[in-house]
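Novice: Chains as they are written, first to last, in the numbering used here: chain G, 1 to 215; chain C, 216 to 430; chain P, 431 to 645; chain U, 646 to 860.
In short, the hints are calculated from the structure, not lab data. Every residue gets a Cβ at the ideal spot worked out from N, C-alpha and C, and that includes glycine. One should not assume that every hint holds.
Once the Cα atoms are required to be at most 25 Å apart in a straight line, the calculated BS3-like pairs of lysine-lysine come out as [to be verified]:
#	chain 1	residue 1	chain 2	residue 2
1	P	K611	C	K234
2	U	K664	G	K19
3	G	K31	G	K19
4	G	K13	P	K449
5	C	K246	P	K611
Listed next, with one range per pair, are the computed distances between beta-carbon atoms [unchecked claim]:
#	chain 1	residue 1	chain 2	residue 2	range
6	U	D654	G	T96	33 to 43 Å
7	G	D2	P	P510	55 to 65 Å
8	U	E799	G	H127	29 to 39 Å
9	G	G101	P	G628	46 to 56 Å
10	P	A580	G	G28	44 to 54 Å
11	U	E799	C	R229	32 to 42 Å
12	G	P77	C	E362	29 to 39 Å
13	C	E369	G	H127	41 to 51 Å
14	C	F225	U	D654	16 to 26 Å
15	U	E844	P	D586	49 to 59 Å
16	G	G101	U	N671	39 to 49 Å
17	G	G28	C	A424	42 to 52 Å
18	U	R684	C	E369	52 to 62 Å
Number of protein chains: 4
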Amino acid sequence: MDAVRPLPDFLVKRYQGWKATTYADNRGWYKRLAEEGQRPRAMVISCCDSRVHVTSIFGADQGEFFIHRNIANLVPPYEPDGDHHGTSAAIEYAVTSLRVGHLIVLGHSGCGGVEGCYQMCEGRAPHLEEKTSFVGRWMDILRPGYERLAAGNEADRMRALEKASVMVSLENLLTFPFVTKAVEDGLLTLHGLWTHIGEGGLETYDPAAGGFVAV
Amino acid sequence: MDAVRPLPDFLVKRYQGWKATTYADNRGWYKRLAEEGQRPRAMVISCCDSRVHVTSIFGADQGEFFIHRNIANLVPPYEPDGDHHGTSAAIEYAVTSLRVGHLIVLGHSGCGGVEGCYQMCEGRAPHLEEKTSFVGRWMDILRPGYERLAAGNEADRMRALEKASVMVSLENLLTFPFVTKAVEDGLLTLHGLWTHIGEGGLETYDPAAGGFVAV
Amino acid sequence: MDAVRPLPDFLVKRYQGWKATTYADNRGWYKRLAEEGQRPRAMVISCCDSRVHVTSIFGADQGEFFIHRNIANLVPPYEPDGDHHGTSAAIEYAVTSLRVGHLIVLGHSGCGGVEGCYQMCEGRAPHLEEKTSFVGRWMDILRPGYERLAAGNEADRMRALEKASVMVSLENLLTFPFVTKAVEDGLLTLHGLWTHIGEGGLETYDPAAGGFVAV
Amino acid sequence: MDAVRPLPDFLVKRYQGWKATTYADNRGWYKRLAEEGQRPRAMVISCCDSRVHVTSIFGADQGEFFIHRNIANLVPPYEPDGDHHGTSAAIEYAVTSLRVGHLIVLGHSGCGGVEGCYQMCEGRAPHLEEKTSFVGRWMDILRPGYERLAAGNEADRMRALEKASVMVSLENLLTFPFVTKAVEDGLLTLHGLWTHIGEGGLETYDPAAGGFVAV
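Construct the complete structure from the given sequences, taking the supplied hints into account.
Specialist: Here it is, written out as C-alpha cells:
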C-alpha cells in the first residue's frame with residue numbers, strides 16, 4: 001500500500017476548520033445520529049458530476065438524505081443474478097431497511113455521461129462500444145432512452161436524452177418488486193428532477209403535464 | 216409514470232431559497248462551470264449514509280469534487296466482462312477523462328452495510344446470503360476484509376471491518392490498469408480515510424505507520 | 431547583474447521542504463494546472479502588508495484565487511491613456527480573459543499606506559506630497575475617501591479611512607466599462623471586506639445595511 | 646453600491662474555519678503583529694497567477710513577506726512623474742520604510758501575460774497594441790526582453806521571455822536610487838527566481854553562472 005498517501009494539507013486544513021466550527025456547533029446532534037443511527041427522509045440518486053451539489057441545492061444537512069451518486073444518475077433494471085449491483089443494493093437498503101419516504105432521481109445539464117451515450121449510439125464513439133469500456137457498458141442502460149428520441153437538432157436531442165436518463169431510471173425503479181410494493185402501500189413516492197447548472201434552474205417531472213415543468 | 220409525483224413542498228422551498236441566495240451570489244461562477252465543463256481536483260468514493268457529509272467536512276463547493284457514493288464505499292475488483300459496473304465506470308471516467316489528481320476512499324463509523332457484511336460472514340444473516348439480496352451480493356466485495364480480521368470482541372472486529380472496507384477498496388483500485396498507470400506516472404495519489412460520525416474524528420491511512428492515524 | 435544573489439539558504443530549505451511534501455502530495459493536480467491553465471473562481475485585491483494573508487484566511491490553494499496586491503488595496507479610476515497601469519491591467523485580465531465570478535477588495539486594520547494618506551491629507555507629511563514620492567502619488571487615489579470622513583477623533587477617522595480605501599476601490603472598479611458590463615450581465619459580483627489583524631475579525635460591506643457588518 | 650454583495654457562503658465558511666483554528670492557535674502573535682506593526686524580512690514581487698503560491702512554496706506565515714503581485718511580476722523603470730505607480734510605490738515603501746533585507750522577483754512557467762507580450766511583439770495580437778489595452782500597455786515593459794531573445798523555436802523563446810521578465814524587472818529595480826543605495830550599503834540583496842508550476846521546480850539567477858540554475 002505504498003501507493004497510498006496521507007491526506008493532502010489543503011484538505012487537512014479544511015477538515016480542521018469544519019471540526020472547530022460546524023462540528024463544535026452541532027455536536028449533540030451528531031452524537032445522537034451516531035448512537036441512534038440514521039433516519040433519512042429521502043434517497044437521492046444523482047450524477048457524480050462535481051457541479052451537481054445536491055446538499056447545497058436542497059440545504060441538506062447531516063442525516064437528511066441517503067445519497068447514491070453514479071455516472072448519469074442511472075438505475076439499471078432489476079436483475080437479481082447474484083452479481084455485484086451497487087445501485088440496486090443502495091436502492092434495496094434505502095427502501096427496505098431505511099424505509100425512506102421519497103426516492104428522487106436528479107439529472108442535470110451538460111452531463112458528460114449522457115453526451116458519451118449519445119455519441120456512442122450515433123456510432124461516433126467506437127471506444128465506448130468496446131466490451132472493456134466501463135463507461136460505455138454503464139451507459140448502455142440509457143440506450144432505450146436514445147431509441148425514443150424525436151428527430152431534431154443535436155443540442156435538442158442531447159438535452160432530451162439528459163431528461164430521458166431520469167425517466168429511464170424511474171421506469172427501471174418500478175421493475176424492483178420492493179419499490180413497487182412501497183409505492184402501492186403509500187409509503188414511498190418517486191420524483192424526477194433535472195437541473196440546469198448555469199442558470200440554477202430546476203425542473204420536476206409532472207405526470208399531469210406529461211413532462212418536465214419548472215419548479 | 217403515474218407513480219411519479221412533483222417535488223414535495225419542503226424541497227421546493229429549500230431550492231427556492233438556494234436560488235435566491237447562493238445561486239444569486241455565485242451566478243458568474245456557475246455559468247462558467249456550465250460553459251467550460253467541470254475540472255474537479257479529486258474524486259471521493261464515500262458511503263450513501265446520510266450522516267457522511269463529504270462536502271461539509273471538506274468545505275467543498277460546486278466544481279471541486281467528483282463524488283461517487285455507494286453502500287460502504289466499496290470498489291469491486293477490475294472485471295471488464297461487459298456487464299454494468301457503476302463504480303468502475305465512475306472511476307474510469309474520473310481517472311481517464313477528468314484526470315483527477317487525488318482518489319479518496321472515505322469510510323465511516325456505524326456503517327450499516329459493514330455491519331450487515333459482518334453478520335452475514337458470521338452466519339447470522341441468512342437473508343443476506345440469498346442470491347436475490349442486492350445488499351448481500353454487494354457486500355461480498357468486503358469478504359476478503361472479514362477473512363483477515365484478528366480475533367477479539369465484536370465491537371473491535373466491526374470497527375476493524377469498517378477500516379478494512381477502505382483498505383479492500385484501495386487494493387481493488389490498484390487492480391485497474393488505468394489507476395495503476397496514473398499512479399506510476401505521478402499523476403494520481405490514493406488516500407484512505409475513516410471518519411467517526413459522533414466525535415467528528417478523521418483518520419487517514421498512513422503507509423509509514425502501517426495503519427490509520429488521526430488527522 | 432552582480433547585485434543579484436542566489437536565493438538565501440533559509441528559503442532554499444523551505445522550498446525543498448515544500449517540494450518533498452506538498453508538491454509530492456499534489457503532483458497530479460499541479461501538472462494539470464500547468465497543462466490546462468488556470469481557472470480561478472475569484473480575483474482578490476489586497477494590500478502588500480505581510481500580515482494580510484489572504485490565502486490563509488480563505489484556505490486558498492493553488493489555482494483558486496487570482497491575487498493582485500498593492501499598497502492599501504487601491505484601484506485607480508479608469509484611465510486608458512496608454513501609460514503603465516498595473517492594477518488596471520490585472521483587473522482587465524481577470525475580468526475579460528479569465529472571467530472570474532467574484533472580485534473581492536480586502537482592506538485591513540493598521541494599514542501603513544492609509545495612515546500615510548491620512549497624515550498627508552492633514553498636512554503633516556510633506557515628504558509624501560512631493561512629486562517624486564511614489565507612495566504619496568499612489569495614495570492620492572484615496573484622497574476622495576479622506577474628503578468624506580466625518581469629524582471625530584483621529585483613531586476613528588483613520589479606521590474609517592481604512593474602510594474608505596475599500597469603498598473608493600469599489601467605486602473606481604465601476605468606472606471600468608468591462609467591469610460594469612460583467613456585473614450587468616450577471617457574470618461578476620463585487621465584494622468589499624475589511625479584516626482586523628489583531629482580532630482575526632472580518633467585516634463585509636452589506637448594501638442593505640449601508641456599511642460594513644461582521645461576517 | 647448596489648452592485649456590491651456580501652461575501653459568498655463558501656468563503657464565509659472557510660474564514661470561520663480559519664478563525665477557529667489558525668487564528669485561535671496564533672492569537673498572541675497576531676496581536677503583537679497588530680500592535681507593533683509588521684517587520685517583514687523580504688519583499689516578493691510575483692505574478693497574480695492563481696497557480697503561483699508564494700506563501701506555500703516558501704512556507705511563509707503572517708508577517709514574513711511583503712508581497713506585491715501584478716501581471717507577469719514586472720517592475721517598470723524609475724519614473725517619478727507624479728502619476729500613480731502602484732509597483733514603484735510598493736517597492737519604495739518596502740525598501741525605505743520597512744527596510745526589507747531581500748527583494749525577490751519570482752517568475753513562472755505558462756505565464757499568460759508573457760505569452761500575450763510575445764504574441765504582441767510578433768505582431769499577432771493587434772488588440773493588445775491598442776492604446777486602451779491595459780494589459781498591452783503594461784506588457785510594454787517587457788518589450789526590451791523580447792528584443793534580446795535569441796532565434797529559436799517558439800516554445801524556447803517563450804520560456805526565455807518568462808525568464809527575461811525576471812531579468813528586466815531586476816534591471817529596472819536598479820534604476821531606483823533608493824534600491825541602488827540600499828544594495829550599495831549592504832542592506833538589501835536582490836534575487837531572481839523562476840518556478841515551473843507542473844514540475845514544482847525552482848531556478849535562481851546565479852550571476853556566477855550568468856543564468857538561471859536549479860535550486
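Novice: Does each hint hold? Answer for all of them.
Specialist: How the hints compare with the structure:
1. K611/P to K234/C: holds (22 Å)
2. K664/U to K19/G: Holds, at about 12 Å.
3. K31/G to K19/G: holds (14 Å)
4. K13/G to K449/P: holds (19 Å)
5. K246/C to K611/P: holds (15 Å)
6. D654/U to T96/G: 33 to 43 Å: Roughly 37 Å apart at Cβ, these two residues keep to the hinted range, so it holds.
7. D2/G to P510/P: 55 to 65 Å: Hint holds: Cβ distance 57 Å, inside 55 to 65 Å.
8. E799/U to H127/G: 29 to 39 Å: Check passed, 32 Å falls within 29 to 39 Å.
9. G101/G to G628/P: 46 to 56 Å: Holds, since G101/G and G628/P (Cβ atoms, about 51 Å apart) stay within the stated range.
10. A580/P to G28/G: 44 to 54 Å: Since the Cβ atoms of A580/P and G28/G sit about 46 Å apart, the hinted range of 44 to 54 Å holds.
11. E799/U to R229/C: 32 to 42 Å: The hint (32 to 42 Å, Cβ to Cβ) is violated, given that E799/U and R229/C are roughly 53 Å apart.
12. P77/G to E362/C: 29 to 39 Å: Holds: the Cβ-Cβ distance is about 33 Å, inside 29 to 39 Å.
13. E369/C to H127/G: 41 to 51 Å: holds (48 Å)
14. F225/C to D654/U: 16 to 26 Å: holds (21 Å)
15. E844/U to D586/P: 49 to 59 Å: About 51 Å separates the Cβ atoms of E844/U and D586/P, which means 49 to 59 Å holds.
16. G101/G to N671/U: 39 to 49 Å: Hint holds: Cβ distance 47 Å, inside 39 to 49 Å.
17. G28/G to A424/C: 42 to 52 Å: Taking Cβ atoms as reference, G28/G and A424/C lie about 32 Å apart, which means the hint is violated.
18. R684/U to E369/C: 52 to 62 Å: holds (59 Å)
Checked against the numbered hints given earlier, this structure breaks hints 11 and 17; the rest are met.
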